[in-house]
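**Q** Here's the letter readout for the chains.
Protein chains: 2
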Amino acid sequence: MKALVLFSGGVDSTTCLAMAIDKYSRQNVAALSISYGQKHKKEIEAAKKIAAFYGVEQFFLDLKDIFNLSDCSLLEHSNKEIPLKSYSEQMEKSSGPVSTYVPFRNGLFLSAAASVALSKGCEAVYYGAHGDDAAGNAYPDCTAEFNEAMGIAIFEGSGKKLILEAPFIGKSKAEVVRVGLKLNVPYNLTWSCYQGLDKPCGKCATCLDRKAAFLANSICED
Amino acid sequence: MKALVLFSGGVDSTTCLAMAIDKYSRQNVAALSISYGQKHKKEIEAAKKIAAFYGVEQFFLDLKDIFNLSDCSLLEHSNKEIPLKSYSEQMEKSSGPVSTYVPFRNGLFLSAAASVALSKGCEAVYYGAHGDDAAGNAYPDCTAEFNEAMGIAIFEGSGKKLILEAPFIGKSKAEVVRVGLKLNVPYNLTWSCYQGLDKPCGKCATCLDRKAAFLANSICED
Chain R
48 MKALVLFSGG
58 VDSTTCLAMA
68 IDKYSRQNVA
78 ALSISYGQKH
88 KKEIEAAKKI
98 AAFYGVEQFF
108 LDLKDIFNLS
118 DCSLLEHSNK
128 EIPLKSYSEQ
138 MEKSSGPVST
148 YVPFRNGLFL
158 SAAASVALSK
168 GCEAVYYGAH
178 GDDAAGNAYP
188 DCTAEFNEAM
198 GIAIFEGSGK
208 KLILEAPFIG
218 KSKAEVVRVG
228 LKLNVPYNLT
238 WSCYQGLDKP
248 CGKCATCLDR
258 KAAFLANSIC
268 ED
Chain D
48 MKALVLFSGG
58 VDSTTCLAMA
68 IDKYSRQNVA
78 ALSISYGQKH
88 KKEIEAAKKI
98 AAFYGVEQFF
108 LDLKDIFNLS
118 DCSLLEHSNK
128 EIPLKSYSEQ
138 MEKSSGPVST
148 YVPFRNGLFL
158 SAAASVALSK
168 GCEAVYYGAH
178 GDDAAGNAYP
188 DCTAEFNEAM
198 GIAIFEGSGK
208 KLILEAPFIG
218 KSKAEVVRVG
228 LKLNVPYNLT
238 WSCYQGLDKP
248 CGKCATCLDR
258 KAAFLANSIC
268 ED
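First to last, the protein sequences are chains R and D.
The number in the numbering used here is simply the position in the first sequence, starting from 1, with 47 added.
The number in the numbering used here is simply the position in the second sequence, starting from 1, with 47 added.
Identical chains share a label here; the pair holds if one copy fits it or two copies do between them.
Here are the simulated lysine-lysine pairs, DSS-like style, with alpha carbons at most 27 Å apart: (1) Lys111 with Lys167; (2) Lys89 with Lys250; (3) Lys208 with Lys127; (4) Lys96 with Lys229; (5) Lys250 with Lys88; (6) Lys89 with Lys258; (7) Lys111 with Lys207.
Calculated directly from the structure, the hints in this document are not laboratory data.
Generate the whole structure from the sequences, applying the supplied hints.
**A** This is the structure:
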């Protein structure tokens with residue numbers, strides 16, 4: 048195994064998976080999908096379908112206990128509602144992080160991925176953080192500063208055996224989709240919406256971001 | 048809550064706990080003890096007794112599933128024996144990491160600690176990595192390079208809310224004990240041995256390191 052992709056079943060991580068497969072071939076790529084008490088468990092089902100579509104090995108972890116004490120609105124035990132407005136609207140009155148920021152989630156998930164990747168003899172961990180999520184510090188664990196430090200921590204802490212690949216740091220979600228369209232990513236199988244409903248709500252920040260990213264590529268998913 | 052201490056119940060993390068209590072007072076300090084499939088589960092019992100001794104709040108996590116695929120000799124599912132010789136002897140014929148290196152364990156544990164610490168409103172995470180464990184890259188996740196990068200990742204990824212305190216980076220275990228003796232750390236309650244026996248084996252690397260660190264402070268624990 049060469050590369051492990053942190054894989055939620057959303058637009059960004061599915062594009063990452065396609066890039067890793069394009070570089071290493073599917074036999075050398077595995078996906079890691081993590082449950083963490085998220086309201087939108089449905090993304091894990093999407094992740095399973097996409098891993099099957101590509102024919103890659105998939106690992107699963109459940110890390111929800113770590114967030115038992117968090118009041119993040121993305122978590123099913125939280126009483127907070129998921130805001131039905133864009134990130135920029137959410138940050139008009141206060142700076143980030145937004146209420147859907149799960150405390151140090153990307154640090155935790157990347158560390159778990161590094162542990163699994165080392166056990167499987169991988170040389171790279173991929174994840175799909177991008178610049179739109181980092182803007183205004185909405186998600187501080189998507190910033191270039193976080194990514195650079197985490198990459199060094201993983202390289203040094205693994206005995207210089209593992210590198211972190213974050214191809215979309217500083218790029219927009221529209222650019223992510225542009226890359227994915229060239230790689231024929233099966234976006235119809237992906238799941239973005241933060242609410243745990245049968246269909247995407249079309250109103251939460253991630254639904255709005257998804258729609259805008261596809262429209263920027265002249266695609267209307269409705 | 049002000050500080051969360053990554054707390055195994057061994058010499059180094061117990062000294063860290065004492066330092067955090069000395070700085071913040073016990074009401075503002077909590078301990079996080081993590082099971083990860085280690086052969087020496089006994090350290091968790093020691094950690095409980097020490098947390099009770101100090102009267103600090105204690106959290107527990109079980110992260111063993113993350114290491115299911117690892118063949119590290121420290122893990123109970125591994126067929127490998129724990130080497131009964133010092134770290135320097137273990138590295139005479141090969142460089143680090145040693146066979147008891149658990150893949151990216153400190154990165155994972157610090158990330159989990161950062162998640163819990165943010166949920167509790169802490170401003171600092173403490174851990175007891177020291178220079179003897181880093182020597183020769185025996186444990187690459189104890190090095191100054193790893194620690195510096197992980198500290199930046201935690202600071203940036205938390206939205207600049209959380210700092211990482213590693214007071215023993217670059218220091219020897221003998222220096223750790225010297226600090227702890229001044230703080231009256233109850234070392235008789237701590238557990239170091241990597242083997243899951245009733246009494247310390249006295250032969251594994253951590254038993255040997257512990258003995259040497261106390262002897263350097265003119266204390267014989269036998």
